[in-house]
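Novice: Position 141 of the sequence shown, counting from 1, maps to 141 under my numbering, and the rest follow consecutively.
Possibly wrong hints are sitting among the right ones.
[Said to hold, decoys possible] Distance condition first, Cα-Cα at most 20 Å in a straight line; then the derived SDA-like pairs of lysine to any residue:
{"#": "1", "residue 1": "74", "residue 2": "265"}
{"#": "2", "residue 1": "71", "residue 2": "52"}
{"#": "3", "residue 1": "259", "residue 2": "233"}
{"#": "4", "residue 1": "6", "residue 2": "260"}
{"#": "5", "residue 1": "71", "residue 2": "57"}
{"#": "6", "residue 1": "259", "residue 2": "308"}
{"#": "7", "residue 1": "147", "residue 2": "194"}
{"#": "8", "residue 1": "162", "residue 2": "24"}
{"#": "9", "residue 1": "8", "residue 2": "32"}
{"#": "10", "residue 1": "91", "residue 2": "199"}
{"#": "11", "residue 1": "71", "residue 2": "49"}
{"#": "12", "residue 1": "162", "residue 2": "240"}
{"#": "13", "residue 1": "135", "residue 2": "156"}
{"#": "14", "residue 1": "150", "residue 2": "207"}
{"#": "15", "residue 1": "26", "residue 2": "286"}
{"#": "16", "residue 1": "74", "residue 2": "186"}
{"#": "17", "residue 1": "162", "residue 2": "25"}
{"#": "18", "residue 1": "6", "residue 2": "252"}
{"#": "19", "residue 1": "108", "residue 2": "190"}
{"#": "20", "residue 1": "162", "residue 2": "127"}
{"#": "21", "residue 1": "253", "residue 2": "235"}
{"#": "22", "residue 1": "6", "residue 2": "52"}
{"#": "23", "residue 1": "91", "residue 2": "30"}
{"#": "24", "residue 1": "91", "residue 2": "126"}
{"#": "25", "residue 1": "12", "residue 2": "202"}
{"#": "26", "residue 1": "203", "residue 2": "29"}
{"#": "27", "residue 1": "27", "residue 2": "13"}
{"#": "28", "residue 1": "245", "residue 2": "78"}
{"#": "29", "residue 1": "150", "residue 2": "140"}
{"#": "30", "residue 1": "147", "residue 2": "136"}
{"#": "31", "residue 1": "203", "residue 2": "31"}
{"#": "32", "residue 1": "214", "residue 2": "137"}
{"#": "33", "residue 1": "259", "residue 2": "306"}
{"#": "34", "residue 1": "8", "residue 2": "19"}
Hint data in this document are derived by calculation from the structure and do not stem from the laboratory.
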Amino acid sequence: MIYPMKLKPATKDYVWGGTRLKREWKKPSEGDVIAESWELSCHNDGMSVIENGEYAGMPLGELLEHMPLYKGEKCGQFEFFPILIKLIDAKTNLSIQVHPSDEYALAKEGQYGKSEMWYIVDAEEGSGVYCGFKKAVDAAELEDALKGGKILDLLNFIPVKKGDSIYIPSGTVHAICGGLLICEVQQNSSLTYRLYDYDRVGKDGKKRELHIEKALQVVNTAAVTSPNENVVCESDGVRRLASCKYFTVREIKVDPEYKGAVGQECFLSLTCTEGEGVLIWQDTSFDIALGDTLFLPAGLGEFTLRGGMTVISACV
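Using the sequences plus the hints, can you model the full thing?
Specialist: Set out below in structure tokens:
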């Protein structure tokens, strides 16, 4: 049976996380800290679960194994389900890190690499992100900066505000800084190589592991000048934020209505980052609250969004 599926996320309580996702967004967690809420995930490290309808209680990945047509024709080119969507609450800075390319990751790690994009849901005054190098660097310069704890001096610090978006291709050194709430759409991979972590200790009381040798093999040392140049206004209330082989992401402002359709070529996910509303499909209405994520299977057909809300959509 095909229908719009509301998803229950998996949550992570990493050391840099805050309390907003539980306190304001009502995400499930035993503790107060939720660093990441994995909204749409078929990854074994944290799989989302269907909450409504015939498949309630079933992990999304299990459903898609039984019903591969729900992924859509475009997903046939991938060995794994291609994307993972997170909400991220950064109370403090994340590590300076880099993700490998597919070529490196498949050869060395047995999984895909990771390109990703960030949509800024909320931002404290003065907050920002690190993204790429200010100018091209060579391996010796980068190694010296790492040994001296000076890598931040080489990186672009980009102030951000609510509604901004940044695309981070694999190989780009980056970090989310404290004071940001972000919706992240990424390749379905957990590969992260840390270069610098502020000498921070983990829950075990030990300094968190760095992966400098691997990072130096995959890092793009060229200068990064325009990390958000991909944004395109497609129509009134709709912006295409990023598009690559693995995902196309849009911001949809629903006020008061948006009409869409899901064909056989690909699924569509919807994550509400502001406001509330409903999704109407056939004769059925599905409530959408702040933070809800819906998985719309390929072939679902026409649907309507109504209300006052901002929705982040993702497909291949």
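Novice: Residue 253 and residue 235 were given as a pair; does the straight-line alpha-carbon distance stay at or below 20 Å?
Specialist: 10 Å, holds
Novice: Can the restraint linking residue 259 and residue 306 be considered satisfied, given a maximum Cα separation of 20 Å?
Specialist: Since the Cα atoms of residue 259 and residue 306 sit roughly 9 Å apart, the hinted pair holds (cutoff 20 Å).
Novice: Compare the distance between the alpha carbons of residue 26 and residue 286 with 20 Å, and conclude whether the hinted pair is satisfied.
Specialist: Holds. Residue 26 to residue 286 sits at ~18 Å (cutoff 20 Å).
Novice: Run the distance test for residue 12 versus residue 202: straight-line Cα separation, threshold 20 Å.
Specialist: With a Cα-Cα distance of about 14 Å, the restraint between residue 12 and residue 202 holds, given a limit of 20 Å.
Novice: Sort out whether residue 186 lies within 20 Å of residue 74, counting only the CA atoms.
Specialist: Roughly 17 Å separates the two Cα atoms, so the pair holds.
Novice: Hey, residue 6 versus residue 260, does the alpha-carbon distance stay inside 20 Å?
Specialist: 17 Å, holds
Novice: Hint check: residue 147 vs residue 136, CA-CA at most 20 Å. Holds or violated?
Specialist: 18 Å, holds
Novice: Straight-line Cα separation of residue 74 and residue 265 no greater than 20 Å?
Specialist: 6 Å, holds
Novice: Please work out if residue 71 and residue 52 have their alpha carbons no farther apart than 20 Å.
Specialist: 18 Å, holds
Novice: Mind checking the alpha carbons of residue 91 and residue 126 for me, to see if they're no more than 20 Å apart?
Specialist: With a Cα-Cα distance of about 13 Å, the restraint between residue 91 and residue 126 holds, given a limit of 20 Å.
Novice: Is the Cα-Cα distance between residue 150 and residue 207 20 Å or less?
Specialist: Holds, because 18 Å separates the two Cα atoms, which is no more than 20 Å.
Novice: For the pair supplied as a hint, residue 6 and residue 252, confirm whether the alpha-carbon distance does not exceed 20 Å.
Specialist: Between residue 6 and residue 252 the Cα gap is close to 18 Å, so the pair holds against 20 Å.
When held up to the earlier numbered hints, the structure conflicts with none and fits them all.
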